[in-house]
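Read off the chains here:
Protein chains: 2
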Amino acid sequence: MNRSRVFLRLFSNFQRQQYSSGKAQFKSKDGNYMKFAFIGTAAASTIGLLGARIIKADFSGDELKVKDLEKLPLYSLDEVKKHGKSAERIWVTYKDGVYDVTDFVSMHPGGNKILLAAGASVDPYWALYSQHKTAEVLEILEQYRIGRLDAKDVPKQEVDAFSNDPVRHPALLVRNAKPFNAESPPSLLTDHFYTPNDLFFVRNHLPVPVIDVEKHELEVEAFDGKIVKLNMEEIRKKYKAYTIGSVVQCAGNRRADMNSFKKVQGLMWEGTAISNAEWTGPRLRDILIDAGIDINDPKLKHVHFEGADVDPTGTPYGASIPFEKAIRDEVIVAYKMNGEDIPRDHGAPLRVVVPGNVGARQVKWLKKVIVSDVESSSHWQQKDYRAFSPAVQLGDELKWDRVPSIQEYPVQCAICVPEPNTKVDRDDGTVSVSGYAWSGGGRGIIRIEISVDGGQSWKSVEMEQEKNQDLEHMYAWTLFHTEVEIPKDVEKFEIIVKAVDRAYNTQPETAAGIWNVRGLIHNAWHKVPIIVN
Amino acid sequence: MNRSRVFLRLFSNFQRQQYSSGKAQFKSKDGNYMKFAFIGTAAASTIGLLGARIIKADFSGDELKVKDLEKLPLYSLDEVKKHGKSAERIWVTYKDGVYDVTDFVSMHPGGNKILLAAGASVDPYWALYSQHKTAEVLEILEQYRIGRLDAKDVPKQEVDAFSNDPVRHPALLVRNAKPFNAESPPSLLTDHFYTPNDLFFVRNHLPVPVIDVEKHELEVEAFDGKIVKLNMEEIRKKYKAYTIGSVVQCAGNRRADMNSFKKVQGLMWEGTAISNAEWTGPRLRDILIDAGIDINDPKLKHVHFEGADVDPTGTPYGASIPFEKAIRDEVIVAYKMNGEDIPRDHGAPLRVVVPGNVGARQVKWLKKVIVSDVESSSHWQQKDYRAFSPAVQLGDELKWDRVPSIQEYPVQCAICVPEPNTKVDRDDGTVSVSGYAWSGGGRGIIRIEISVDGGQSWKSVEMEQEKNQDLEHMYAWTLFHTEVEIPKDVEKFEIIVKAVDRAYNTQPETAAGIWNVRGLIHNAWHKVPIIVN
Numbered sequence: 001m002n003r004s005r006v007f008l009r010l011f012s013n014f015q016r017q018q019y020s021s022g023k024a025q026f027k028s029k030d031g032n033y034m035k036f037a038f039i040g041t042a043a044a045s046t047i048g049l050l051g052a053r054i055i056k057a058d059f060s061g062d063e064l065k066v067k068d069l070e071k072l073p074l075y076s077l078d079e080v081k082k083h084g085k086s087a088e089r090i091w092v093t094y095k096d097g098v099y100d101v102t103d104f105v106s107m108h109p110g111g112n113k114i115l116l117a118a119g120a121s122v123d124p125y126w127a128l129y130s131q132h133k134t135a136e137v138l139e140i141l142e143q144y145r146i147g148r149l150d151a152k153d154v155p156k157q158e159v160d161a162f163s164n165d166p167v168r169h170p171a172l173l174v175r176n177a178k179p180f181n182a183e184s185p186p187s188l189l190t191d192h193f194y195t196p197n198d199l200f201f202v203r204n205h206l207p208v209p210v211i212d213v214e215k216h217e218l219e220v221e222a223f224d225g226k227i228v229k230l231n232m233e234e235i236r237k238k239y240k241a242y243t244i245g246s247v248v249q250c251a252g253n254r255r256a257d258m259n260s261f262k263k264v265q266g267l268m269w270e271g272t273a274i275s276n277a278e279w280t281g282p283r284l285r286d287i288l289i290d291a292g293i294d295i296n297d298p299k300l301k302h303v304h305f306e307g308a309d310v311d312p313t314g315t316p317y318g319a320s321i322p323f324e325k326a327i328r329d330e331v332i333v334a335y336k337m338n339g340e341d342i343p344r345d346h347g348a349p350l351r352v353v354v355p356g357n358v359g360a361r362q363v364k365w366l367k368k369v370i371v372s373d374v375e376s377s378s379h380w381q382q383k384d385y386r387a388f389s390p391a392v393q394l395g396d397e398l399k400w401d402r403v404p405s406i407q408e409y410p411v412q413c414a415i416c417v418p419e420p421n422t423k424v425d426r427d428d429g430t431v432s433v434s435g436y437a438w439s440g441g442g443r444g445i446i447r448i449e450i451s452v453d454g455g456q457s458w459k460s461v462e463m464e465q466e467k468n469q470d471l472e473h474m475y476a477w478t479l480f481h482t483e484v485e486i487p488k489d490v491e492k493f494e495i496i497v498k499a500v501d502r503a504y505n506t507q508p509e510t511a512a513g514i515w516n517v518r519g520l521i522h523n524a525w526h527k528v529p530i531i532v533n
Numbered sequence: 001m002n003r004s005r006v007f008l009r010l011f012s013n014f015q016r017q018q019y020s021s022g023k024a025q026f027k028s029k030d031g032n033y034m035k036f037a038f039i040g041t042a043a044a045s046t047i048g049l050l051g052a053r054i055i056k057a058d059f060s061g062d063e064l065k066v067k068d069l070e071k072l073p074l075y076s077l078d079e080v081k082k083h084g085k086s087a088e089r090i091w092v093t094y095k096d097g098v099y100d101v102t103d104f105v106s107m108h109p110g111g112n113k114i115l116l117a118a119g120a121s122v123d124p125y126w127a128l129y130s131q132h133k134t135a136e137v138l139e140i141l142e143q144y145r146i147g148r149l150d151a152k153d154v155p156k157q158e159v160d161a162f163s164n165d166p167v168r169h170p171a172l173l174v175r176n177a178k179p180f181n182a183e184s185p186p187s188l189l190t191d192h193f194y195t196p197n198d199l200f201f202v203r204n205h206l207p208v209p210v211i212d213v214e215k216h217e218l219e220v221e222a223f224d225g226k227i228v229k230l231n232m233e234e235i236r237k238k239y240k241a242y243t244i245g246s247v248v249q250c251a252g253n254r255r256a257d258m259n260s261f262k263k264v265q266g267l268m269w270e271g272t273a274i275s276n277a278e279w280t281g282p283r284l285r286d287i288l289i290d291a292g293i294d295i296n297d298p299k300l301k302h303v304h305f306e307g308a309d310v311d312p313t314g315t316p317y318g319a320s321i322p323f324e325k326a327i328r329d330e331v332i333v334a335y336k337m338n339g340e341d342i343p344r345d346h347g348a349p350l351r352v353v354v355p356g357n358v359g360a361r362q363v364k365w366l367k368k369v370i371v372s373d374v375e376s377s378s379h380w381q382q383k384d385y386r387a388f389s390p391a392v393q394l395g396d397e398l399k400w401d402r403v404p405s406i407q408e409y410p411v412q413c414a415i416c417v418p419e420p421n422t423k424v425d426r427d428d429g430t431v432s433v434s435g436y437a438w439s440g441g442g443r444g445i446i447r448i449e450i451s452v453d454g455g456q457s458w459k460s461v462e463m464e465q466e467k468n469q470d471l472e473h474m475y476a477w478t479l480f481h482t483e484v485e486i487p488k489d490v491e492k493f494e495i496i497v498k499a500v501d502r503a504y505n506t507q508p509e510t511a512a513g514i515w516n517v518r519g520l521i522h523n524a525w526h527k528v529p530i531i532v533n
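From first to last, the protein sequence lines are chains A and B.
In this text, residue positions in the first sequence follow full-length UniProt numbering: the first is 1, and each later residue adds one.
In this text, residue positions in the second sequence follow full-length UniProt numbering: the first is 1, and each later residue adds one.
Some hints here could point you the wrong way.
The list cannot tell twin chains apart, which means a pair is met if one copy fits it or any two copies do.
Below, simulated BS3-like cross-link-like pairs (lysine-lysine); rule was C-alpha separation at most 27 Å, straight line [said to hold, decoys possible]:
{"no.": "1", "residue 1": "301", "residue 2": "240"}
{"no.": "2", "residue 1": "467", "residue 2": "399"}
{"no.": "3", "residue 1": "215", "residue 2": "423"}
{"no.": "4", "residue 1": "368", "residue 2": "156"}
{"no.": "5", "residue 1": "262", "residue 2": "527"}
{"no.": "6", "residue 1": "383", "residue 2": "459"}
{"no.": "7", "residue 1": "399", "residue 2": "459"}
{"no.": "8", "residue 1": "240", "residue 2": "262"}
Don't read these hints as lab results, they were simulated from the structure.
Build out the structure end to end from the sequences listed, making use of the hints.
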């Protein structure tokens, strides 16, 4: 009743630190001009995308107009080393360039990770985070150029850390080659209620690890640090296996659409960074109990997951989920995907499946499970996959601790067929439209509606759903296939789709209220323009 | 993987049955003209509301221009009785009128309840559902007039079923007197994190029952029909009591705002049919277990609640929640509200508190708890509190079984202060703004943002939250109190507010995608126009 019982949480506006902002044109290799607003951050994995056409960005720094190199001083690597992470000024090298990035550190979207290269070369890191190798990022880097690196110290050509990646299906739409990130082909996605493994979208943060399945062990770490190890045979035989239909959706799905509203950072996913599979494996809960963990211990607040995929420092991909979620029936440690052994791109031999949560928490190549009183300290838990306020602009300092990590997803719905700007024949009368809807937390989709008059009137469509899941536990997606009447007397129109979930959550009309600098969780009404012949 | 594993759910457009639609003007008692679009339903509880002004609708049929009465035949009650619910034509009487309502039955928003009066008088029912006594409803009724009732059979003045209702605080904003429905005063609501009992909004469906607290018994009915009875002393002493801060929000909160977008049916709540209290009592789970119910029995899917408040047929108010929710820690059978015995208007002596769910399920004057394999068959579970598609229009047949009952609420946020059209002085520089945000399912509010430029730019505001509740279990609301800068060079502007919940669910910009015929769960951006002097 009184104020002393409550407290104030401050999620204020973030102070803006405008820098390196501007506009320019770059000529891409195929001769087309692309307009970029400099995004002002070195970790922006920008694959320029205009309309539906994908432009692979793979520029080398040499193509950029840089400072008059001859006039800049020459440094040896020993001199660069004096400017390590504890120095007053932080230097790094890239190829034969020397850069003072002191003023950039706080703006690096990858956070303090940049300091790993302080006083040294960024080359081995960029070899793994190839999203740096874009015209925009290199342009920003050049602003910090202070000199040239002695030729004897310039790193040799790096080994391709991705040479052991698997062969992929040619229909996948590649958004980034290394690490591999690719969407499911929209024209095929809604043909299957459960996405065939080969067409399941791929979101890798690092090279696909090479794992000897029969030697692979899952480590389960209790709160006291005690570790229990389980090999694959034990995981297959010791526990009852459950099968659950569950969606994996990237937090960046539909980022390109948000980017067209207003420029954002990140891999330019269109609308099919989402797929649906049947996963099979033991409940995480059963494994935790078997490892001697008291699941009623109130100290246990989170469960961390670590993958076998590692970055150049040996740090594995990691994430965590609330303990309360981890012990729910639906959370499983899967070894099968659609009845087959999980393919390498999807986490072979083990992946934690966290139905209703964002993809980033469903750690692939699962190597370690740790119960804890705190969230994972992983970069991907703390400095990524959090959606800021629209008040935070590109170039602002990102105060990650002010925003909670994304876990459950909000309601989402999008059209897969037809493609934007499809030409239809008026005489056909109708257009075939198909797509998907899904919401987090097991909240089933109760309704999908389509409008062809800008949202003034709507029509509900028939829905295809998993019969074994009720509206309170619907982790698989909902598909729709319908015929939409071509409106009279128009030369073009938009097909708009939106859904409602079990808690009557809905989607916003536009990105106006949800735009965020990292382009995460775009779930505004999906609109597909159609041309009438 | 294959289609046979899934099935199709059809939530198609509802066939439109247009009828009795039109526009007319009625003169209210204070001489103002009110424009009504006939809503085409006799149960519409319409309290006309223009802007912020409340016009109490309490017309008598005599004021309406009706058919030339003398020319209509005279019927006795015996003749009327021949037209009961099994007859080919259904007749009812109201005062001295006889009506053939056969063609109206399927359109009655209260569903089959209208048949209770078949072959008889609606007067005793309308005495309890005074929302019928509006110009609009009476006008519709007159369209079905077929005769006059013999004077000897005209019902005498009914007893006032509401004469035992409690005295209320004068600050409450009465939206309907009988049954009593009143909003909290917005100017006072955000002054208290926990709403004082006297100012807590009231949503009664029936007269407040007269209960002898010391004789009151809670009946708990198992699946086999076995009943355990608990008196108040047992409930207070036998079980451990828990206290939880939890919001009650009417599904119709902000209906007036949706109505201003496009006409809807129902009590015209503005933005304060919501309050927040600390509730104390045993966990429902503990009571169920103590009554011998096996909470792991997979047959148990729902828990029904019945109140001591009854309609003219003796049917109590009733509702149900999913069993899985009922056995969660937060669901309690409360006997205290903000540390005091629950007041009569709020359910004395017992009310089930279902944190995170809509108010309609949090049954007051709790008399009976029944575990079941199916939802409650109560009118309020089956024929009310379900939000239709915007494709369903006023006058359409309402296919209630096509839409799930509202349980968890979506994210909501509204401004309480200032009032709409408040005049502010430019020299003041800022306007003080306060309001609330809340979301269902325990999903805490992670952000509240304000815009004064139509949603083009936003500012996050400081939030007041319950310190004992984390973002995964936040059942109390979030308040905000902030100063908003008056924009330059404008004579008027709108303050817009919206919130984001833990699952990153957001609010739609307008009612365009969420409008529904019953005006339920309006959670579009809340906009308050301000005039600058």
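Verification of the hints:
no. : hint      : verdict
1   : 301 / 240 : both (25 Å within a copy, 25 Å between copies)
2   : 467 / 399 : between (43 Å within a copy, 22 Å between copies)
3   : 215 / 423 : neither (54 Å within a copy, 74 Å between copies)
4   : 368 / 156 : neither (34 Å within a copy, 78 Å between copies)
5   : 262 / 527 : both (16 Å within a copy, 24 Å between copies)
6   : 383 / 459 : between (41 Å within a copy, 22 Å between copies)
7   : 399 / 459 : between (42 Å within a copy, 15 Å between copies)
8   : 240 / 262 : neither (48 Å within a copy, 54 Å between copies)
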